[in-house]
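Trainee: For reference, the chains in residue letters:
2 protein chains.
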Amino acid sequence: MNHAAEPIHSSISGGFLRHYMDIIADKALPYQWQVISGQRGPNPTVNNFRIAAGEVKGEFGGVPYQDTDLSKWLDAVGCALRNRRDASLEAIADAVIETIANAQDADGYLDTYYQLVRPNEKWTDPDSHELYCFGHMIEAGVAYWEGTGKTRLLEVACRMADHVCRVFGPEAGQLHGYRGHEIIEMALCRLFRATGETRYRDTAVWFVHARRDTPEQFYQATRKEGNPLDYGCWGWGDPERETSSYEHVTGHAVRAMYLYAGMADVAQLTGDEALLAHCRELLDEVTRRQMYITGGIGTTSVLEAYTYPYDLPNDTMYAETCASIGLCFFAHRMLMMQPDGELSDVIERCIYNILPAAIAQDGQHYFYVNPLQVNEEACRRDPLKTHVKPVRQAWYECACCPPNLARFFSSLPRYTATVQEGRLWLHLYAQGCTSFKLGGANITVAQHTDYPMEGRVRITVATDKPTAFALMLRIPGWCRRFWIDGRPGSSGMLSRGYLAIERNWSGETVLTLEMDMTPYMMQAHPRVREDSGKIVLTRGPVVYCCEEADNGALVEDLRASASAPIEQTWQNDVPGFGEYVGLSVPGKASSAAALAEERLYFPVEMSARNVTVKAIPYCLWGERVPGEMTVWIGRL
Amino acid sequence: MNHAAEPIHSSISGGFLRHYMDIIADKALPYQWQVISGQRGPNPTVNNFRIAAGEVKGEFGGVPYQDTDLSKWLDAVGCALRNRRDASLEAIADAVIETIANAQDADGYLDTYYQLVRPNEKWTDPDSHELYCFGHMIEAGVAYWEGTGKTRLLEVACRMADHVCRVFGPEAGQLHGYRGHEIIEMALCRLFRATGETRYRDTAVWFVHARRDTPEQFYQATRKEGNPLDYGCWGWGDPERETSSYEHVTGHAVRAMYLYAGMADVAQLTGDEALLAHCRELLDEVTRRQMYITGGIGTTSVLEAYTYPYDLPNDTMYAETCASIGLCFFAHRMLMMQPDGELSDVIERCIYNILPAAIAQDGQHYFYVNPLQVNEEACRRDPLKTHVKPVRQAWYECACCPPNLARFFSSLPRYTATVQEGRLWLHLYAQGCTSFKLGGANITVAQHTDYPMEGRVRITVATDKPTAFALMLRIPGWCRRFWIDGRPGSSGMLSRGYLAIERNWSGETVLTLEMDMTPYMMQAHPRVREDSGKIVLTRGPVVYCCEEADNGALVEDLRASASAPIEQTWQNDVPGFGEYVGLSVPGKASSAAALAEERLYFPVEMSARNVTVKAIPYCLWGERVPGEMTVWIGRL
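Protein chains in written order, with the working numbering: chain A, 1 to 636; chain B, 1 to 636.
Take these hints with a grain of salt, some might be off.
Which copy? The list can't say, so a pair holds if one copy fits it or any two copies do.
[Unchecked claim] Listed below are the simulated DMTMM-like cross-link pairs for lysine to aspartate or glutamate, each with C-alpha atoms no more than 25 Å apart in a straight line:
1. K389 to E530
2. K57 to D162
3. K150 to E285
4. K588 to E530
Hints listed in this document are in silico derivations from the structure and should not be mistaken for laboratory results. Small disclaimer: the values here were computed from a predicted structure and weren't measured.
The task is simple: from the sequences and hints, build the whole structure.
Mentor: What follows is the structure, given as structure tokens:
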């Protein structure tokens, strides 16, 4: 198979996605630096490295994986600088990279928790976050090098990777497994791609194969007493469910996605078709059975885990921001090997719904858990929902999501297009440009669009010499009608969700893709019990929700008419966001008499109050007046 | 006020309630004895007493409140013997009562856990179950005396009560509070009524007043480290929510009901109108805001507690059997002071729905948690539902419910009627007889009925001399049409849910009450988010549910037509129960195409499959083929 994607450079210069990239670059990254460097109140992250580097005296603070708040932030800075240079951000990063380099042990080890707190216990606890800390710093090293060309952090990363390659492997004297929190697999593959150093690839392959071939050995280490990750008190305790598995979708949602993304990397680097097919089964199991309509994954807060197929409660879920980022990592890697609109649909679902919802327009407030139904009283008074926050928070004690969002949004351009099999695949529509070489020609494909606010994409293909190739336009799974240059297309014209435009391109060619953005109602598979009899309003890839701000309290009481047309209104009431399309549809709600009932149960009301059900994009929930929200609403 | 109910004797001789009383007497009590005496596998209950009595050597086994499995069983035996003598049961009880008496310390202390395991720590842990163990044994002593006239256990009870009266109180050297698990308040009042010993009443009053007047002192004791009841791992930890409160409905559902029942006792014994009014507010808060349509209470498994008004999830709830028994205790005591149909409705809701559901026809299987929606996979794979069992269990490690059900059902006759304010109030309709004295006359009121299977009750009033009094017939809250001797009645004729039939009775008079049993659909208050857009099929006081056995899998996908008539069918497919009325109504379910969808989300289906939604009484769920069940179903 020819699974390797060709070199390509894409940029996003405007529209919805650029808006979030700018929130990250202009607001979130400076804010996050202030937080992790302790300028906005006590935060130990950067200080831990300063202590480890000998720059200051003090004691380690925070959680055992505190280091990753900084490494993810540096990863994000690297990606952001690739999009747009920023001298002040770069100066801050350069300085802290020096500290990091000085904190590294001579043997390449770098994990300030172990260095400062448990120096004699390195690599003794298979449930530790050491490999997680190593992996994120390796990713940061590559990203910062890609964004700036500077190698200081890449060198740190290589020394860390070399250390991992010495410690782990099949040989006697090496460790043969380590559960912890996955990412090392992805990180080593990424470092191999950046450096060409085959031992990084080989160790990544070994990590994946060891799980596959000797899982007992890999998982055999027993959990230590008093380990900060001891979940014993949850009364769950089934190791099968706690740990990511090569075989099945199980365990902690983020960890599973990171493992599977790493497995996909290994499938690509080794050309392992069986592994690729297995990865696809795992992905389908997640996206066809265990994914919220917003792109959220992870059904339960208990171990932040999956439960069972079609179990998708809307109010007790976890749906952690990082899990959906991991899902994008995984789907993107699969897409690079096997273009398939279903994979792009998954990424689109995440990047227009759960992921932008997880960050406020001010870049300084975040959701970690992303509910589909929320009311403040439940978050406060129902112990099964205390993990759900009804408004975005300024920071979290476990702050994995904010910097992870920053690095993900900053890296969005690489998700837009790939060159594979001699074709250019356009996966995402966004104002911007993709340039690549093909058959000796320098080609650019520019997109002019306000997608997903509008369905029109003007594509300009420019080549410096005539070249025959197929432009593969993704027609999203949600799209029921589309036109190319005004001529209607049909699903019969698509191959795996892509429309091939085969031409001998020369000079500049303009094409127009128009996707029908008429709003529509979606339902869930009948096996999703929580959504029985309910619908979601959608428009293009954008999932809508009903807020108290527009509908009054008790949004779960709304029932929308499934047969009435959905009205669209341009609204501009979310400061910082600009105009967006609001939706409304006629519906019913309980009568005033029913609401005034003293009785808890009474004969069914045959009449009801006429209402207009109003909805806004889910990603904007909680941006106006805080209050109740629901994605799923009753249907008439 | 004249809140004291007059002496009265009622019996239940046939029909639904007698059926469950017989299950208890004939099947459950012998079975439960075999369990707690260790004849059906290891169970330490009776053996603990034997060890404490010096009859055998060994070590205490079980939970700290293990004693109550026996004391509740003896309470149940006492009540059952009052209904029907049973020499073999009585012989077993007499023998074990000797053991109990021998286990009691010279100072009256009796709690085998503390006696055997922590002899030097009596009354040192305010969160212990000591008062709970004492209270249940005191209740058993009274019940056994009432049922048999034998005083051996009553004497044990009096010594225990004397001990409590010495240890607790306002004086220096006495303990001023103890959280634990309430029941001592009820128990002391019951013992006072049985013996006339005022110190029992006075100490019960002190327990209630101390909570009201010096709650900080009452609750001040801090929880001990390592206490078996330390719920710290739940991450809940708000003491306000953990402990029953005099002021608000909060904390553990069973404990709160027991406390409130005791408060109602104290209100009655002291004539405290303010306390009575406060109790009524607490009861209304529970029954109008926090009670399931089945009579279940207790919203969350975390601390087995209430959460907030109208929060009534159907699948993660606790709805413990004991909590609804406690609710009946509370409502019954209130009813004795202030006849009100709403109170009888609450009791009826429990005794025809959640409580019979909690015991199998074989008398040997029980529900502790009583879900309104269940599927086996969720119970197994969703950590928020592992406390829910999809089938009745033979026993529980915390086996509070089986013997509590036994004592409750055995005591049902006392719930049927009361004489108050010179009137006879008929609260429950059941085949049986009530006899009492009034103004020198001996009066009997016999009921002939198959209620709730049928709505007709033939009431025969017989008196040995002419007497004028009002017969107060309860017209249930669910009843929309009724007839007295064929003449239609109306709600305008009712006072607080009762119809007064004032006559100068002489000889034998026959009246016929006919209640319309036409099935109907109920809805919940719109603020119950979990039930939005859903209905429940009901017939009389009986709540129905849809089972997989009748409807196939995915019962949550059913939508019933709210405008179609509901059909009734006599069915006879629950072994041991006899005939019952099944209900069916036209409805819709997802199409085969929707069920076969590979996609998790797709455009809303405008057509659907026609189905007949079939329902059986909730109390019979899980009695045929185990499978899915739901009480609330979608409405069309």
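Trainee: Hint by hint, note whether the structure agrees.
Mentor: So, going through the hints one by one against the coordinates:
Taking identical chains as interchangeable, the C-alpha atoms of K389 and E530 lie at most 25 Å apart whether they share a chain (20 Å) or sit on different chains (19 Å). Proximity of K57 to D162 under the C-alpha cut-off of 25 Å is found in neither arrangement, the shortest distances being 29 Å within a copy and 65 Å between copies. Neither within a single protomer nor between protomers do K150 and E285 lie at most 25 Å apart by alpha-carbon distance, with minima of 40 Å and 66 Å respectively. Within a single copy, K588 and E530 get their C-alpha atoms as close as 20 Å, and across copies as close as 17 Å, so both meet the 25 Å cut-off.
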